[in-house]
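Just so you know, the sequences run in chain order A and B. Using the numbering used here, the first residue of the first sequence is number 635, and each one after it goes up by one. Using the numbering used here, the first residue of the second sequence is number 2, and each one after it goes up by one.
Worth flagging that the hints you see were computed from the coordinates, not collected in a lab. Treat the numbers as computed from the prediction; the structure is a model and nothing was measured. For each residue, glycine too, the CB sits at the ideal point set by N, CA and C. Fair warning: there could be bad hints in the mix.
[Stated by the list, open to error] Here's a subset of chain B near chain A, in silico, CB distances under 8 Å, partners left out:
| hint | residue |
| --- | --- |
| 1 | I38 |
| 2 | I100 |
| 3 | A183 |
| 4 | V187 |
| 5 | V189 |
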Amino acid sequence: MLVGVLAALLACAQRFLDGYSIQILNLVAINILLALSLNLIYGFTGMFSLGHAGFMAIGAYVCAILILSPDQKAMLFLLEPAYPFIENAHAPFVVAVLAGGLAAAAMAVVVGFPLLRLGDDYLGIATLGFAEIVRVLANNLPRITNGALGFKGIPAYANLWWNYGWCLLALVLIVRILRSNTGRCFKAIRDDEVAARAMGVNVFRLKLLSFALGAFFAGVGGGLLASLLTTIDPKMFLFVLTFNVLMIVVMGGLGSVTGSVIAGAAVTIILEWLRFVENPITLGSVTLPGIPGMRMVVFSLLLIAVILFRREGLMGTREISWEGIAAWLRQRRKA
Amino acid sequence: MTIEIFLQHLLNGLTLGSLYALIAIGYTMVYGILRLINFAHSEIFMLGAYCVFWGVTLLHLPWPLALVAAVAAVALVGVLVDRVAYRPLRDAPRISALISAIGVSFFLQNVAIVLFKAIPREVYRPEWLENPMIMGGVRVLPLTLFVPVLSLLLMLGLMYIVYHTKPGLGMRAISKDIETSALMGVPVNSIIALTFGLGSALAAASGIMWALRYPQLQPIMGVIPGFKAFIAAVFGGIGSIPGAVIGGLVLGFLEILIVAFFPDLAGYRDAFAFVLLIVVLLVKPTGLLGARPEEKV
C-alpha cells in the first residue's frame with residue numbers, strides 16, 4: 635500500500651512540479667538513503683564511523699565509469715588516457731549502481747578487518763583517515779579517475795523513480811534486518827559489547843556485516859548522486875559530506891529509522907530553502923544585498939540550537955510504525 | 002643531495018613540525034579533559050591568522066602588537082565557544098558535543114567567508130623576518146628560526162603552567178576524573194575555560210606563523226593543518242602534552258622529508274598523515290605516550 639501511495643505521489647510530482655523542486659525531491663531521497671545507511675552503522679550498531687564520504691566516492695566513481703560511454707570517456711580523459719579496461723567498461727544504470735554499492739561494501743570489508751577492532755573515537759578518526767585517503771587517491775590516479783578534473787556529462791539516469799526505489803529498498807531491507815535476530819544482535823553490541831560477547835554473539839562478524847551493509851548503501855547513494863548531479867570530482871568528497879550525513883542522523887535521532895527519514899527530508903529542504911538569505915531581500919523600500927555564505931552561517935546556528943535544546947535528536951530512539959499509530963488512535967478514541 | 006639542502010629540509014621539517022605541535026597541544030588538552038574532538042580548533046587557527054591581518058591593515062597596529070592582540074582575542078573566542086556550545090552539553094551524550102563542535106566549526110568558517118570573502122588574501126610580512134642570513138653556508142630566513150624558537154618558548158610556557166602551577170594541577174586532576182575533582186573543590190568550569198583559552202592561544206599563534214610561512218589567508222586554511230595536528234595528537238598519545246609535541250614534530254619531519262626524497266609522491270602529501278595514523282592505531286592504539294584506558298566490563 636505504501637508503495638502505491640508513494641508511486642502516485644511521485645507520478646504527481648513528476649507531472650506538476652518544476653525541475654528545481656524535482657531536484658530537491660531527488661536529493662531528499664538520496665539523503666534519506668545515506669542517513670539510513672550511516673544510522674545502521676552508528677545508531678544501531680554503535681560504530682562511530684566517519685568514512686561515509688569515502689564509500690560514497692567509491693560508489694560514485696564506479697557508477698560513473700560504468701555508465702559513461704567509451705566515446706565520452708575518450709573525450710573526458712585529457713591529462714592521461716584511461717586504462718583500456720576503464721575506457722571500455724560499460725553497463726546499464728541499475729548494474730552500475732549495484733556495482734558501486736558492492737565495490738564500497740567490498741572496501742568496507744577490507745578496511746573493516748583491521749579498523750573495527752578500534753574503539754569509538756579512534757574508529758572515527760581512522761575511518762575519517764580512510765575517507766581522506768580515498769579522496770587523495772581519486773585526485774592522484776588520473777588514468778582511472780581523471781584526477782582533479784573528475785567526470786562531466788555523466789548520463790542523468792537518476793530520476794525520482796530510481797532514487798525513491800533505492801531509498802525504499804534500503805528502508806525495507808534495513809527495517810527487516812533490524813527486526814530480525816541479527817538486528818537485535820546489532821543493538822546488543824551497541825548497548826554493551828562485552829555483555830553481547832559474553833552472551834555468545836560473534837561481535838566482530840556482525841560488526842563487519844553492519845559496516846559492509848552501511849557502506850553498500852553509501853556506495854549506492856554515491857552512485858545515484860553522481861548520476862543526479864552529472865558531474866563528480868574529488869573535491870566533492872571532502873569530509874564535509876560525511877558531516878552532512880552525520881548531522882542528519884543525529885538530528886533525526888541515533889537509532890531511529892523514522893528519525894532519519896524525517897530529518898533527511900527536513901534538512902535537505904531547509905538547506906535549499908535557506909538559499910533565500912543569500913539573495914537580495916527587499917523590505918519595503920530598503921533592499922538588503924545578498925551575502926554569499928550566509929546560508930551556512932544560519933544553518934550552523936540552527937544546528938547548534940537543535941543540539942543544545944534537543945540533544946537526543948528529533949525522535950531519540952523512538953519509531954513511528956503502523957501499529958504505533960493504530961494504538962495511539964485507539965487510545966485517543968477511548969479518551 | 003648536498004648537506005646544505007638536507008639541513009634546509011630538516012629546518013623546514015622542524016618549522017612545520019612545531020606548527021603542528023602547537024595546534025596538537027590544544028586538541029590533546031581538550032580531549033584529555035572532556036573526551037571531545039574539538040573540530041572548531043582548526044577554525045580557531047584560521048581566526049588567529051585573520052586577526053593579525055585585521056590588526057595590521059584595519060587598525061594599523063604595529064606587527065608585534067597585532068600579534069599579541071590577535072592571540073588574546075582568539076583565546077577569548079575559544080573560551081566563548083566553550084561557554085556557549087560545549088558547557089551546556091557537559092552531561093549529554095558525547096556525540097551531542099561533537100555535533101556541536103562541528104556546528105561551531107561550520108559557523109566560524111562561514112562567518113569568515115561572509116566577512117572576508119572566499120578569495121585567498123596576501124599576508125603582510127614584517128621585513129626583519131625576510132632578510133636572509135648566511136649561517137655556516139646555509140641560507141636561512143630569520144622566519145625559519147623565528148617559528149621554531151617562538152613555538153618552543155610557547156610550549157615551555159604551557160608546560161610550566163600545566164606542571165608547576167595550581168590551575169595546571171587542576172587541569173591534570175580533571176583529566177583523571179572530572180567528578181571527583183569537582184567534589185574535591187576544583188573549580189571545574191573555570192579550569193576548563195582556561196584550558197580552552199590556552200589551547201586556542203597556541204592555535205592562534207600557530208595560525209599566525211603558518212600565514213607567515215605560507216603567505217595566504219583563506220577561510221578554509223585551518224582544515225588540513227587541523228586534521229594533521231589532530232593526528233599528531235593521536236600519534237603521540239592523546240591526552241599527553243609531550244606526546245602532542247613529539248607527534249607534531251615527527252609528522253612535520255616525515256612530511257617534508259618524504260616530499261623531498263620522493264617528489265613523485267608529493268601529490269599524496271595530504272594522505273601520509275592518515276596512513277601513518279592508521280598504522281599507528283593498529284600497532285599501538287593508544288599512541289606513543291598514551292595511557293591505556295581501563296577495560297570496561
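- Query: At a threshold of 8 Å, is the proposed contact between A183 of chain B and chain A supported by beta-carbon distances?
  - Reply: Nearest chain A Cβ about 21 Å off; hint violated.
- Are I38 of chain B and chain A close enough, Cβ to Cβ, to be under 8 Å, as the hint says? 7 Å, holds
- Message: Does the closest beta carbon of chain A sit nearer than 8 Å to the beta carbon of V189 of chain B?
- Response: Where the cut-off is 8 Å and the nearest Cβ of chain A is about 19 Å from V189 of chain B, the hint is violated.
- Given hint I100 of chain B near chain A, where the shortest CB pair must fall under 8 Å: 5 Å, holds
- Answer holds if the nearest beta-carbon of chain A is closer than 8 Å to that of V187 of chain B; otherwise answer violated. Violated, because the Cβ-Cβ distance from V187 of chain B to chain A comes to roughly 24 Å (cut-off 8 Å).
The earlier numbered hints that this structure contradicts are 3, 4, 5.
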